[in-house]
Amino acid sequence: MVASAGTRPGWSRRAQYGLFFGFVATVATVIVGLLMLILSLAAPQSYAAVRGAALDFVSPVSNALNEVATTTTGLVSGAGDYWNAARQNGDLKKQRTAMLRRMIEAKAILLENQELKRALALRERDRRTVATGRVVGSSFTSPRRFAILSVGKSDGVEVGMPVRAADGLIGRVIDAGSYASRVLLVSDRANIVPARLVRGGLPVIATGRGDGTIDVRPLEVGRNPFRKNDIIVTSGTGGLYPPLWPIARIVRLDDDGAIALPLADPGQISFALVEPPFEPTAIAEAARPEEAR
Amino acid sequence: MTRSALTPSRGSSLTRGPQPAALAIPAASVLLATALSALPIVSNHGWWPDTGLLMLIAWRLLRADAWPAWLAAPLGLVHDLMTGAPIGLSVALWPAFMLAFDIIDRRTMWRDYWIEWVLAAIFIGLFVIAQWRVAAWDGAPVHFASVAPAILIGIVCFPIAAFVAARLDRWRLGR
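These protein sequence lines are chains A and B, in that order. So the first sequence is numbered by numbering that gives the first Met the number 0: it starts at 0 and just counts up by one. So the second sequence is numbered by numbering that gives the first Met the number 0: it starts at 0 and just counts up by one.
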């Protein structure tokens, strides 16, 4: 096949001008696009309203289809549960009795903790969940890790609020529309969470790797403190994420740190809870580096 | 024989003509492909093919006059808004791709299926690399190895987009 030669104007002056102005218009749009890109990198907040509106436009589709997808995957995994059911049952019963024992211990520790806190007169603000939503979508074509949540400003969600599931931390809200919001997941490279190791309480830094895993480094340089299957939790430093939220489990060690898998997989969880920031001043603090970036 | 040809019958090649909105169908199909990013897919990797980009390239390779080149900018704006990419990335890149395709159209003497696939592969790669660099400037410098699969998957998925564009073109022109 011969290449499509494009439009050749011939001798018509009118057609020549038409082509030329079309070319100028296209170059102009490229320049406008570059300026918009620079603005969105330098001052991401300037597009907040537009991005929120776009989210509201997209989310009804995601919401409706999400039900279908959940039902389908539920059918498949539901059928799988019947396989080898008797042995699973035995295992689960054994686990349950072990869990019950641990739970009673935990309750005792909680009680003791409350008494100790009262003795120290340590005050903690009343924390209530702002909104509960479903994860209805994600940025599955980009190197960034975002999820779309089915709650927005009309439910009280604001930019900067931390989001968690029952299993652990998910991330924080970066765009909020009226009915949907976009969450920066803990596995995104730009999400840096101050954390600590449950075993020993050593302070560490958790950074996303962009592929669903998390890079964990100790704050102090020294011997690699991690072990496989260690759990890391938020430390509350910085005031954005409340302390003691589970984040991830270590799966592999490397030279001076480790690679961890988030405990709350956004693809598996059914509900996500949006919580107020740990310290109210944290929203202003969180907004500042965004603008400086 | 002649009479039977003159009586209007549904579906015969004589009475078939272009669709009423034939001119808008290419751009509309790109918008629709972009809207696929609203699907409730929750992935830990960003490796899914960028359907909007694939449709754009497929149409442009099929026809130089699918849309005026500047129209790629508004299409790119919708793409940026829907996928959550930094606004301006596709607005700048898509019309730039159209200009590049214009130059390529002038320079290539022959075109066959393989050359089109190679061209598409180059532009898919350019877009993913640009997206990766912009993400790095935006504070998320990931390793190239974690975006390379996205290029490969996009290249492998391109023939599907080319097929859809070709079928849509035949349908809209009533051939």
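Don't take every hint at face value.
Unchecked claim - Okay, the calculated bits of chain A under chain B, using three or more residues with CB under 8 Å as the criterion:
1) 242-249
2) 260-266
To be verified - According to the in silico footprint, chain B covers these stretches of chain A (three or more CB under 8 Å from chain B):
3) 18-29
4) 37-48
5) 88-102
6) 130-142
Hints were generated in silico from the structure; no laboratory data involved. Beta carbons are placed, not taken as given, at the ideal position from N, Cα and C, and that holds for glycine.
So, against the hints stated earlier in the document, which numbers end up violated here?
Hints 1 and 5 contradicted; others consistent.
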